[in-house]
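Protein chains: 2
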Amino acid sequence: METDSMNIVHALKKVLSEQQVSANQSVRELHGRDESYHRESLPDLVVFPETTKQVSEIVNLANKFKVPLVPFGLGTSLEGHVIPYEHGITIDFSRMNKIVEVREKDFLVRVQPGVTRTQLNKELKKYGLFFSVDPGADATLGGMAATNASGTTSVKYGVMRDQVRDLEVVLADRSIIHTGNLAAKSSSGYHLNGLFVGSEGTLGIFTELTLRVYGIPEHIMAARASFPSLNDAVEAVVSILQSGVPIARVELVDENSIRQVNLYSETSYSETPTLFLEFHGNEAGLKQDIEFTTEIVEEHFCLDIQFETENATSNRLWEARHNLAYAFIHGHPGKKMMVTDVCLPISKLSGAISHAREAVDSLGLTGGILGHVGDGNYHVLLMIDMSNPEEIKRAEQLNEKIVLYALEQGGTCTGEHGVGVGKQKYQQKEHGLALVVMEKIKKALDPDNLFNPNKILNKNERV
Amino acid sequence: METDSMNIVHALKKVLSEQQVSANQSVRELHGRDESYHRESLPDLVVFPETTKQVSEIVNLANKFKVPLVPFGLGTSLEGHVIPYEHGITIDFSRMNKIVEVREKDFLVRVQPGVTRTQLNKELKKYGLFFSVDPGADATLGGMAATNASGTTSVKYGVMRDQVRDLEVVLADRSIIHTGNLAAKSSSGYHLNGLFVGSEGTLGIFTELTLRVYGIPEHIMAARASFPSLNDAVEAVVSILQSGVPIARVELVDENSIRQVNLYSETSYSETPTLFLEFHGNEAGLKQDIEFTTEIVEEHFCLDIQFETENATSNRLWEARHNLAYAFIHGHPGKKMMVTDVCLPISKLSGAISHAREAVDSLGLTGGILGHVGDGNYHVLLMIDMSNPEEIKRAEQLNEKIVLYALEQGGTCTGEHGVGVGKQKYQQKEHGLALVVMEKIKKALDPDNLFNPNKILNKNERV
Numbered sequence: 001m002e003t004d005s006m007n008i009v010h011a012l013k014k015v016l017s018e019q020q021v022s023a024n025q026s027v028r029e030l031h032g033r034d035e036s037y038h039r040e041s042l043p044d045l046v047v048f049p050e051t052t053k054q055v056s057e058i059v060n061l062a063n064k065f066k067v068p069l070v071p072f073g074l075g076t077s078l079e080g081h082v083i084p085y086e087h088g089i090t091i092d093f094s095r096m097n098k099i100v101e102v103r104e105k106d107f108l109v110r111v112q113p114g115v116t117r118t119q120l121n122k123e124l125k126k127y128g129l130f131f132s133v134d135p136g137a138d139a140t141l142g143g144m145a146a147t148n149a150s151g152t153t154s155v156k157y158g159v160m161r162d163q164v165r166d167l168e169v170v171l172a173d174r175s176i177i178h179t180g181n182l183a184a185k186s187s188s189g190y191h192l193n194g195l196f197v198g199s200e201g202t203l204g205i206f207t208e209l210t211l212r213v214y215g216i217p218e219h220i221m222a223a224r225a226s227f228p229s230l231n232d233a234v235e236a237v238v239s240i241l242q243s244g245v246p247i248a249r250v251e252l253v254d255e256n257s258i259r260q261v262n263l264y265s266e267t268s269y270s271e272t273p274t275l276f277l278e279f280h281g282n283e284a285g286l287k288q289d290i291e292f293t294t295e296i297v298e299e300h301f302c303l304d305i306q307f308e309t310e311n312a313t314s315n316r317l318w319e320a321r322h323n324l325a326y327a328f329i330h331g332h333p334g335k336k337m338m339v340t341d342v343c344l345p346i347s348k349l350s351g352a353i354s355h356a357r358e359a360v361d362s363l364g365l366t367g368g369i370l371g372h373v374g375d376g377n378y379h380v381l382l383m384i385d386m387s388n389p390e391e392i393k394r395a396e397q398l399n400e401k402i403v404l405y406a407l408e409q410g411g412t413c414t415g416e417h418g419v420g421v422g423k424q425k426y427q428q429k430e431h432g433l434a435l436v437v438m439e440k441i442k443k444a445l446d447p448d449n450l451f452n453p454n455k456i457l458n459k460n461e462r463v
Numbered sequence: 001m002e003t004d005s006m007n008i009v010h011a012l013k014k015v016l017s018e019q020q021v022s023a024n025q026s027v028r029e030l031h032g033r034d035e036s037y038h039r040e041s042l043p044d045l046v047v048f049p050e051t052t053k054q055v056s057e058i059v060n061l062a063n064k065f066k067v068p069l070v071p072f073g074l075g076t077s078l079e080g081h082v083i084p085y086e087h088g089i090t091i092d093f094s095r096m097n098k099i100v101e102v103r104e105k106d107f108l109v110r111v112q113p114g115v116t117r118t119q120l121n122k123e124l125k126k127y128g129l130f131f132s133v134d135p136g137a138d139a140t141l142g143g144m145a146a147t148n149a150s151g152t153t154s155v156k157y158g159v160m161r162d163q164v165r166d167l168e169v170v171l172a173d174r175s176i177i178h179t180g181n182l183a184a185k186s187s188s189g190y191h192l193n194g195l196f197v198g199s200e201g202t203l204g205i206f207t208e209l210t211l212r213v214y215g216i217p218e219h220i221m222a223a224r225a226s227f228p229s230l231n232d233a234v235e236a237v238v239s240i241l242q243s244g245v246p247i248a249r250v251e252l253v254d255e256n257s258i259r260q261v262n263l264y265s266e267t268s269y270s271e272t273p274t275l276f277l278e279f280h281g282n283e284a285g286l287k288q289d290i291e292f293t294t295e296i297v298e299e300h301f302c303l304d305i306q307f308e309t310e311n312a313t314s315n316r317l318w319e320a321r322h323n324l325a326y327a328f329i330h331g332h333p334g335k336k337m338m339v340t341d342v343c344l345p346i347s348k349l350s351g352a353i354s355h356a357r358e359a360v361d362s363l364g365l366t367g368g369i370l371g372h373v374g375d376g377n378y379h380v381l382l383m384i385d386m387s388n389p390e391e392i393k394r395a396e397q398l399n400e401k402i403v404l405y406a407l408e409q410g411g412t413c414t415g416e417h418g419v420g421v422g423k424q425k426y427q428q429k430e431h432g433l434a435l436v437v438m439e440k441i442k443k444a445l446d447p448d449n450l451f452n453p454n455k456i457l458n459k460n461e462r463v
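Respectively, the protein sequence lines represent chains G and X. Under UniProt numbering, the first residue of the first sequence carries the number 1, and numbering increases by one thereafter. Under UniProt numbering, the first residue of the second sequence carries the number 1, and numbering increases by one thereafter.
The shape of chain G in the complex, shown without the other chains (with noise of 0.2 Å):
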């Protein structure tokens, strides 16, 4: 495709300026790799748009040339997703990170999609705002929308899915839709807000979102509870869902996951299964719901429960806890991550992990064990030596087992992550004849195959 891809960069730079079209070996190599161990693949160009008119022209112009789209935020997939296996051009929305409007009295922000969660926040924060979904990484809010990311508070504000109210998005006949409205409510028409969130760039791209927010509560209380065993913990957290008590944060951090959090992040917490909890309401009901838990954790064999009354301990402790993953990557120089990433029945959680903890270490791997225990959502993460095939293996049997008894129970393969190329494998076993749904939606929205193709649906490869 060399002359092509000659006449592609004339007509590209038709539409868009100089600066924004680049077939340079580093940007390329920029965009040909996310957070993961998934293998690199370079796009043979990067372009930096900068409105929505811009994208429908590069859409254009793909559809002439049968070029494969791969829409790029930050990077910071983890099982693949912005990577271009079949190339041609991906499409950067660097440029375009404004938030572009505040309905502080609607609670509802306007953002372009290359806005980072935390810029939005701090932004947010001159109107007493937040946006909830924080999965850790700072990754643009166009790529969690893709991915339908959630994380620490999901269990109290919801998903990424949850929170989007109308998606402006380019389809591949270069139109221009809305998927929702402003509205907190609607039953008018299908439900294409969430048939979008979560596509990962397959069904038409994204160039605009309005997302719901909320008001930073009244009061917020952080705490740490240590438990003699993971099986202890979990179900401590079971115990607390069913009593009703709101809680708004409750993270799972095994013994490995401290340690590393603590050579990282210079702390000294206990290096035993550790819950860190977050509760948002009232000082009086706050004070209720903080000792009806602390009743609880005891008669799970809580070893020890600390409050965190400082703002500034309690953001350290959160900041320990979102640090994670790069502690262990900074622990493991020169290896690559792998998280499992499975969601289950919070009754089938404690029976998971412990089926995980097994599984590591039969396998012979060292991995931690981590998660959003309050929705069912755990993960193993594991450093991986990319240069050791058998060791890549062994983490390959490691993820397949945990998805099969996910699978087995009720769960999902993917419960944040999403599946890019690393769960494509098992969509057929986990939606059976619902793949079928999907496969025709995508035919019919995207005949070509030409939105980030070849991934969620994947023939090729299946358990």
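Hints listed in this document are in silico derivations from the structure and should not be mistaken for laboratory results. Errors might be hidden in some of the hints.
Same chains, same names: a pair is fine if it fits in one copy or spans any two.
What the hints assert, rightly or not - As a list, the in silico SDA-like pairs of lysine to any residue whose alpha-carbon atoms are at most 20 Å apart:
1) K105 - L407
2) K105 - D162
3) K156 - I247
4) K156 - P217
5) K126 - G244
6) K122 - E390
7) K401 - S347
8) K98 - P246
9) K429 - Y405
10) K287 - E390
11) K105 - E123
12) K105 - S347
13) K105 - S243
14) K401 - R357
15) K125 - Q242
16) K401 - S175
17) K105 - S239
18) K105 - N231
19) K53 - G432
20) K105 - E235
21) K156 - H322
22) K105 - I247
23) K126 - S239
24) K156 - I216
25) K14 - E308
26) K429 - I176
Got chain G sorted already, so can you dock chain X onto it with the hints?
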């Protein structure tokens, strides 16, 4: 289709028993209307399946004979969803009304589509659980999922779509799929749960639902606050939401509606614009929420606020609110009900309600204004003399004025009742090119247009 009709009856009786197939006139009449003003139209046949397999067999025969299918719960729809304007077969789900499984620890319940909301709540009470969506009418859960119903508690617990974890669906090609799983969240594949909820029988027929349920709150407090004007009441709600008080219900009822309530329910509530409120939480937290709310409503010129501490009084309050539609029907014998159903961003609600009040008066109509104002959703409830074409015309003018105002403000033509036939003409205006995406999805999944044909999507009538 006389002969075809005989043939299909013959074929149906091979897969269903004698009692499960009816061409009886009075049975057909019961399935030819809903609770609204939309004109009647009878199905040719009504079938009463008992299993998913039987539903799949019915779809198979409908395909073979090219006969339209309309699923039917209890006929409580308000926009003609269940009326078979193309005739064919109505599938009545009254024999599929079992609560299959209560997964107490997972806060999940599995039900057949014919189970009603009150039937479910009666069972759940034994476990200390409740199902949150409360549209007033005792609708079936299948019907509620089909229209993405919501109601009084949605401001806290969300709409029907937020509760659906999994649907078993029979598709037009008679295959049986599951749209989700039992995990609290998932990023695996396209979000078919969200797509099928609200699809009004046009994409598939639901044969089983897995729904999220909640623990009955530790403490519940109800209140009634009356205001000198509708505007003051609405502005009070906006301030309560701004304040971050986690209100569980907040219903506006205007003076006309309170009058109907008093007549029908033999209550003596003061006949001024009133908010019905409810708070869920722990005792200490509630106390603080209530104090704060009282301060807020007083700033908005509240005439009187009464807290209902007795469970019985509080139940009577909500029963009165729920019976409001029936109170209007009872108070206007021989007339039919038309209810507007727009939803707007909360900052636009007060203006919208003032506009609606003026429009009602200037068109010389009488009706009540009420609604789930915490969501920005309100209704004008009109009783129409269907023998008076001029009155019908004025009512339709009102509906159109209200819808167009809502759309201009970024709202939706239907917050919770759905499109059916009543809101079809606004789909193009509301969705623009996104309607093409919906049409493509319909075409991909139901190429012969046999599933509730010409509902939601209909090109013939557009504003």
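Verification of the hints:
Within a single copy, K105 and L407 get their C-alpha atoms only as close as 42 Å, which misses the 20 Å cut-off; across copies the closest is 18 Å, which meets it. Proximity of K105 and D162 under a CA criterion of 20 Å is satisfied intra-copy only: 19 Å inside one chain copy versus 23 Å between copies. For the identical chains of this complex, K156 and I247 are neighbours both inside a copy (7 Å) and across copies (15 Å), given an alpha-carbon limit of 20 Å. For the identical chains of this complex, K156 and P217 are neighbours both inside a copy (12 Å) and across copies (16 Å), given an alpha-carbon limit of 20 Å.
In the homo-oligomer, the alpha carbons of K126 and G244 lie at most 20 Å apart only across protomers (16 Å), although the nearest pairing inside one protomer, at 32 Å, exceeds that limit. Taking CA atoms no more than 20 Å apart as the test, K122 paired with E390 passes in neither setting, with 45 Å inside one copy and 56 Å between copies. Taking the shortest alpha-carbon separations for K401 and S347, only the intra-copy value of 19 Å comes in at or below 20 Å, while the best inter-copy value is 50 Å. Taking the shortest Cα distances, K98 and P246 never come within 20 Å of each other, neither inside one copy (34 Å) nor across copies (31 Å).
In this assembly of identical chains, K429 and Y405 lie within 20 Å of each other by CA distance solely inside one copy; the values are 12 Å within and 47 Å between copies. For the identical chains of this complex, K287 and E390 are neighbours neither inside a copy (52 Å) nor across copies (61 Å), given an alpha-carbon limit of 20 Å. When the C-alpha separation of K105 and E123 is checked against a cutoff of 20 Å, the pair qualifies only within one copy, where the shortest distance is 15 Å, while the shortest distance between copies is 40 Å. When the C-alpha separation of K105 and S347 is checked against a cutoff of 20 Å, the pair qualifies only between copies, where the shortest distance is 6 Å, while the shortest distance within a copy is 39 Å.
Taking the shortest Cα distances, K105 and S243 sit within 20 Å of each other only across copies (11 Å), while inside one copy they are farther apart (33 Å). Taking CA atoms no more than 20 Å apart as the test, K401 paired with R357 passes inside one copy only; the shortest distance there is 11 Å, against 62 Å between copies. In this assembly of identical chains, the alpha carbons of K125 and Q242 lie at most 20 Å apart only when taken from different copies (15 Å versus 33 Å within one copy). For the homomeric pair K401 and S175, neither the shortest alpha-carbon distance inside one copy (43 Å) nor that between copies (29 Å) is at most 20 Å.
Taking identical chains as interchangeable, the C-alpha atoms of K105 and S239 lie at most 20 Å apart only when they sit on different chains, with a minimum of 9 Å there against 37 Å within one chain. With identical chains, the CA atoms of K105 and N231 are at most 20 Å apart between copies only, with a shortest distance of 16 Å across copies and 44 Å within one. Taking the closest pair of Cα atoms, K53 and G432 come within 20 Å of each other only across two copies (17 Å); inside a single copy the shortest separation is 38 Å, beyond that limit. Taking the closest pair of Cα atoms, K105 and E235 come within 20 Å of each other only across two copies (11 Å); inside a single copy the shortest separation is 40 Å, beyond that limit.
Only within a single protomer do K156 and H322 lie at most 20 Å apart by alpha-carbon distance; the minimum there is 18 Å, versus 29 Å between protomers. Taking the closest pair of Cα atoms, K105 and I247 come within 20 Å of each other only across two copies (17 Å); inside a single copy the shortest separation is 26 Å, beyond that limit. When the C-alpha separation of K126 and S239 is checked against a cutoff of 20 Å, the pair qualifies only between copies, where the shortest distance is 19 Å, while the shortest distance within a copy is 37 Å. In the homo-oligomer, the alpha carbons of K156 and I216 lie at most 20 Å apart both inside one protomer (13 Å) and across protomers (17 Å), since each shortest distance falls under that limit.
In the homo-oligomer, the alpha carbons of K14 and E308 never lie at most 20 Å apart, since the shortest distance is 57 Å inside one protomer and 69 Å across protomers. In this assembly of identical chains, the alpha carbons of K429 and I176 lie at most 20 Å apart only when taken from different copies (15 Å versus 34 Å within one copy).
In this structure, the hints that do not hold are numbers 6, 8, 10, 16, 25, in rising order.
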